Structures are given as structure tokens and as C-alpha cells.
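Given the structure of chain A, go ahead and fit chain B onto it with the hints provided.
Number of protein chains: 2
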Amino acid sequence: MRIGFIGLGAMGLPMVKNVAAAGFEVMAYDAVPGRADSIPGLTPVTTVGEAVAGADIIITMLPNTGNVEAVLFGSDGVIGSMSPDAVVVDMSSISPIATRKFAERIRAAGGRYLDAPVSGGVSGAESGKLSIMVGGEIETLDFVRPVLQSIGKAITLVGGVGAGQGAKLCNQVVVACNIAAVCEGFALASALDLDLETVRTVLAQGAAQSWMGDNLGPKMISGDDSAGFRIALQVKDLGLALEAAKSESVPLPATSVVNSLYLEAMAHGEAANGNQSLHRVYERLTNRTIAQEEQ
Amino acid sequence: MRIGFIGLGAMGLPMVKNVAAAGFEVMAYDAVPGRADSIPGLTPVTTVGEAVAGADIIITMLPNTGNVEAVLFGSDGVIGSMSPDAVVVDMSSISPIATRKFAERIRAAGGRYLDAPVSGGVSGAESGKLSIMVGGEIETLDFVRPVLQSIGKAITLVGGVGAGQGAKLCNQVVVACNIAAVCEGFALASALDLDLETVRTVLAQGAAQSWMGDNLGPKMISGDDSAGFRIALQVKDLGLALEAAKSESVPLPATSVVNSLYLEAMAHGEAANGNQSLHRVYERLTNRTIAQEEQ
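So the sequence lines, in the order shown, correspond to chains A and B.
In our numbering, each residue carries its 1-based index in the first sequence increased by 61.
In our numbering, each residue carries its 1-based index in the second sequence increased by 61.
Bound conformation, chain A alone (with noise of 0.2 Å):
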């Protein structure tokens, strides 16, 4: 089975590693060269057309929805040289609803598509441990299942084409509000004079537990920055979500404002940031460092 990778970014180049670890002959793309020259298996090139020729497969992990089409529909794009038979895996996260309609011109020149958005950051894509949420048809899944499989551990159907873009919305929303959540309550935490360790490791114990409190709430104590997922991604796939939620009439107040938080750490230089410097929105807001320093 041939393989043709694009995207070899922070997530899309410890994926890749993984597909060519697993025995499948990949042709790897990259706007940037240079990226796959070291990595063992795999034959780097310097077109979409040299990664799209001859794959059965054609998996893209490209930073947003404009990328995308420009890589499946541009000069130089996927639909000009792949197979007619072949498919295409989107494992970027991008809109569902243009997600319906690439899908659409895929198969207007008769390929397959599935969209396969993926959680887990790059801890997970190092490992191979990925999460996949896949839009499409059982049976495009069933060929591409071997090859997806180096790359996550829990891989679901969710439903038609799209359907996977927009459980990885749903996702966002929820982990975004989640992230939030701890930050309010260190916040509020902060300001009772409470210890953060402490009150972390109380509210772990019941039913104020989640994910990101066990995984994001140290980092916040302790003020580790480092980017698992960067505070710019996640202002991309927030704007993913409420244009969708704006598209099928459904307000989704504490996203909303959860999403105007995130601008906030935008526009004090935290883009590049992991998520959990969300917390020091709370820290502006509240300006208790500035208090501090002038006592």
C-alpha cells in the first residue's frame, strides 16, 4: 500500500514517522523542505504531484481549512495527479461544512474521502495513540484502517463525511470550557488565599475531575508554558465551532465567552503558548501580579 503524506508539522511529522515505522511506502510533502530528509522509511519529495502519484492513499494534516484546499485544489493541487481510485484521509482539523463539499469534488473525479480529525496532541502523535474521529463511509474506513492504526488507538466512525470534523468541534468546545473551568476555580482559589496545590488535589477526587484538571492544572501551578496544543490552535478550532454554531442557529454562551478569553491571551502574546496559559488571563483580569509587585 502507497502512501502519500502532506503536512509535516508539529502533529503531521511524528504521525508520519509512525506510518512508515509501520512498513507502508510513503512519499512525504511538506511546503517547508527539508522536514522528512532524516526520518528513516519514508522518501521525502518536493511536489503534492511526486506525493500524490500512485498513492492509494493520500493523507493530509494541514494547519487550517484554507491549507487544505489549497493542497487538494491548487495549482500543483492533489486532484491533478492522484489515482482516480485513490483516497483521501483529511486528518486536519477544519470546517465540516467545507469538509462536504472538498469531499464532494473528490468524488465528482472519483475518489474516495474520509475526514479523520484527531485528539491528542502531540503527545499522542509521538506515541501513536491518537484518538481518530472519521467522517465517511464504513467501507472507505475498513481500507484505510490498516494505516490509521499506526497512527491512533481509538478510531471512530462517527458518521457521513463531516461527521468526524464536527465530533472534533464538539470536542474543542468541550475541552476549551473544561480548560476554563480549573481556570475560574484557581482563580477564585487564588483570590480566598487558598494553597492551588491543595485545592487541585481536592477537587480531583470528585466531581470536579477532568482531564484537563489532572493533565493542565500542575502546569498551571507550576507556570509551565510549553505548547502540548497551542493557544492559537485552539483559537482556530473555537472560531471552527461557533461558525458552525452560527451556521445551525445554536448559541453556545459559555463557549462564546470562553472563545473571547482566548482572544484575550491572543492579544497579550500568548499564541504560541500551551493552553494552560489560559490562567493567566485570569491573572490579568484580576491584576493580582501587579498588585503583588507594587507591595
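Keep in mind that the hints were calculated from the coordinates and are not lab data.
Bear in mind that the values here come from a model prediction, so they are computed numbers and not experimental data.
Just so you know, even glycine gets a beta-carbon here, dropped at the ideal spot from N, CA and C.
Heads up, some of the hints might be wrong.
No farther apart than 20 Å at their CA atoms in a straight line, the calculated lysine to any residue pairs in the SDA-like style are these [what the hints assert, rightly or not]:
hint : chain 1 : residue 1 : chain 2 : residue 2
1    : B       : K280      : A       : Q270
2    : A       : K214      : B       : Q266
3    : B       : K190      : A       : Q266
4    : B       : K190      : B       : N79
5    : B       : K307      : A       : S251
6    : A       : K162      : B       : A252
7    : B       : K190      : B       : N276
Pair by pair, the computed Cβ-Cβ distance ranges are [as the list claims (entries may be wrong)]:
hint : chain 1 : residue 1 : chain 2 : residue 2 : range
8    : A       : Q210      : B       : D256      : 21 to 31 Å
9    : B       : I282      : A       : K190      : 21 to 31 Å
10   : A       : R168      : B       : D256      : 19 to 29 Å
11   : B       : D256      : A       : S321      : 24 to 34 Å
12   : A       : E198      : B       : A83       : 54 to 64 Å
13   : B       : S287      : A       : K307      : 43 to 53 Å
14   : A       : P312      : B       : S287      : 43 to 53 Å
15   : A       : G284      : B       : A82       : 39 to 49 Å
16   : A       : S321      : B       : I282      : 41 to 51 Å
17   : B       : K307      : A       : K307      : 31 to 41 Å
Per the computed footprint, the stretches of chain A lying under chain B, defined by three or more beta-carbons under 8 Å from a beta-carbon of chain B, are [said to hold, decoys possible]:
hint : stretch
18   : 87-96
19   : 217-224
20   : 268-280
For chain B alone, coordinates are given in the frame of chain A:
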């Protein structure tokens, strides 16, 4: 060791059962007569004075700050009948600010005071596995610990008097936001015609996981409104959290919005339903139920 237990409601009754079952001598009082009549191993009494006279430890488990104030300091109040060196353990969830004042008055009368609110709901109270957040002196906690161990599993001294109530409010902030997170994820999933159980399962496997998603998510999907923890009590707790936030000038934007959503639930008759009923706020906001009925 003799215990005076005041407040035999949905939480207090299973708690006092466990205290009595552990072999402590218990005098039990509630404003509603008869509630403790059929419970083995305890003595029902008809006044606060009888519950408190000669007690080493006085436990209160009451709905709100005003109730605690009235029971402690009103006519036939605790302070009029308690032994001079008794310990008052208030396990209600009430204002941390009022708590500090109550403790001061009890100390001025010679007694000791702990605030020890709980998390874990009616099921935790029945199984004796509540999480107990304690504010006060470690020596006082050590004195009452054998009794608390009959009620709860995790007993944490968070800080001085009021710190238990403070931690409980932080807990409720996180809990309420996590519930809203699940509701918003489901609202978007419904609008995108995704299967809710599939989305729930996918989200529970990754970074969107939370105790609330695991425990209330299935009830939202099945339409089970049964109350482990009532909407009205969450509204009370969020009111206390926002009051504390106001007094410390801490903006809690997400919690404030979630509080408004809970008020919408109150306005539509959900007060006695469980917290999972918050999901119906979104059905009303998006009018999907009505839209479906009209089809």
C-alpha cells in the same frame, strides 16, 4: 463521644445514619419532626437545645447560610445550650465570609469551629464516601476525625476557618462549568446531526473527559432528570461563589454565564431536577424540540 446532629435532609439523613452505624451516641434534630424516628442507634430530639446539650461535637447540615445562622445563634440556638468546649462542625455549603464570623462567635463562647462542606451528592452520603473539605485547626480536625471518617472517604484540611467553604465554592465553579461544557458539546453535536452516544464515547476517551461527562452525559442523552444534586442547590452555590468573587474583585466570566444558564433552568421549572437537566436549556435556546414537534 456524643454527637448532636442538626439537619436531616437529603444529605443529612444518610450522613447521620452512618455516624450512628459507626457506634457514636447521636442526638438528631430536624425542624421537620419524625425524620430520624426509624433510624437505629440514634435518639431523635425535638429541639436544638436537646441535640446540643452535653454533646462533644455538634454537626450542622443545613440548606443555606441563613439556616446555619439561625440554628447557631437564634432563639433555642446552639450557642445557648452547647458545652463550653464543644466543637461545631458545619458541613453545610454556605458563605466562607459568614463562616469566619460564625467561627468567631463560637470561639468567643469558648467552643471550637470547623467548616467541613462535602462533595459527592446523595449517593456519596449514602455510601459514606463523601469528599470533605475542612477549614480550621488541625488539632480540632484530629479530634473530630473519627466521626468524619464514618461520613467521608477523603478528608482534606484545606486551610484555616472558611477555607473548606472556599474550596467547596471553587469545586462548584469547576463542576458547573464542566456541566455546561458537556451541554454545549452536545448542543453542537445535535445541531450537526451527530449521534450523541457516539460523540459522548469519543469525547470520553480523550482530552474532553470529565467526571461530569462520564456521570451526567448518559443521563442527558437518556432524558433522566433524577436529582443526585439539584439545580436549585447549584444555583445557591454559584450565588455564593459569585458573591465571594465579587467581594475579592475577581471576574469569573464563564461562571457568570453558566449561572445565567442555571437561572434559565430555574425559570423553566427545573429547580428540583438534577444538574444534568441543564442540557434542556440548550433545547429551549435552539428550539429544536418545538421545531421537531411542528414537523
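The hints, checked one at a time:
1. K280/B with Q270/A: 18 Å, holds
2. K214/A with Q266/B: 10 Å, holds
3. K190/B with Q266/A: Judged against 20 Å, a Cα distance of about 11 Å means the pair holds.
4. K190/B with N79/B: 10 Å, holds
5. K307/B with S251/A: 14 Å, holds
6. K162/A with A252/B: Given that 20 Å is the threshold and the Cα spacing comes to 19 Å, the pair holds.
7. K190/B with N276/B: 16 Å, holds
8. Q210/A with D256/B: 21 to 31 Å: Given a distance of about 23 Å, which is inside 21 to 31 Å, the answer is holds.
9. I282/B with K190/A: 21 to 31 Å: 27 Å, holds
10. R168/A with D256/B: 19 to 29 Å: Taking Cβ atoms as reference, R168/A and D256/B lie about 23 Å apart, which means the hint holds.
11. D256/B with S321/A: 24 to 34 Å: 31 Å, holds
12. E198/A with A83/B: 54 to 64 Å: 60 Å, holds
13. S287/B with K307/A: 43 to 53 Å: Given about 34 Å between the Cβ atoms, the range is violated.
14. P312/A with S287/B: 43 to 53 Å: 27 Å, violated
15. G284/A with A82/B: 39 to 49 Å: Once the Cβ atoms are compared, 46 Å apart, the range 39 to 49 Å for A82/B and G284/A holds.
16. S321/A with I282/B: 41 to 51 Å: Check failed, 29 Å falls outside 41 to 51 Å.
17. K307/B with K307/A: 31 to 41 Å: 32 Å, holds
18. 87-96: With 0 residues in contact (Cβ-Cβ under 8 Å with chain B), the coverage given for the stretch 87-96 of chain A is violated.
19. 217-224: holds (count 5)
20. 268-280: holds (count 8)
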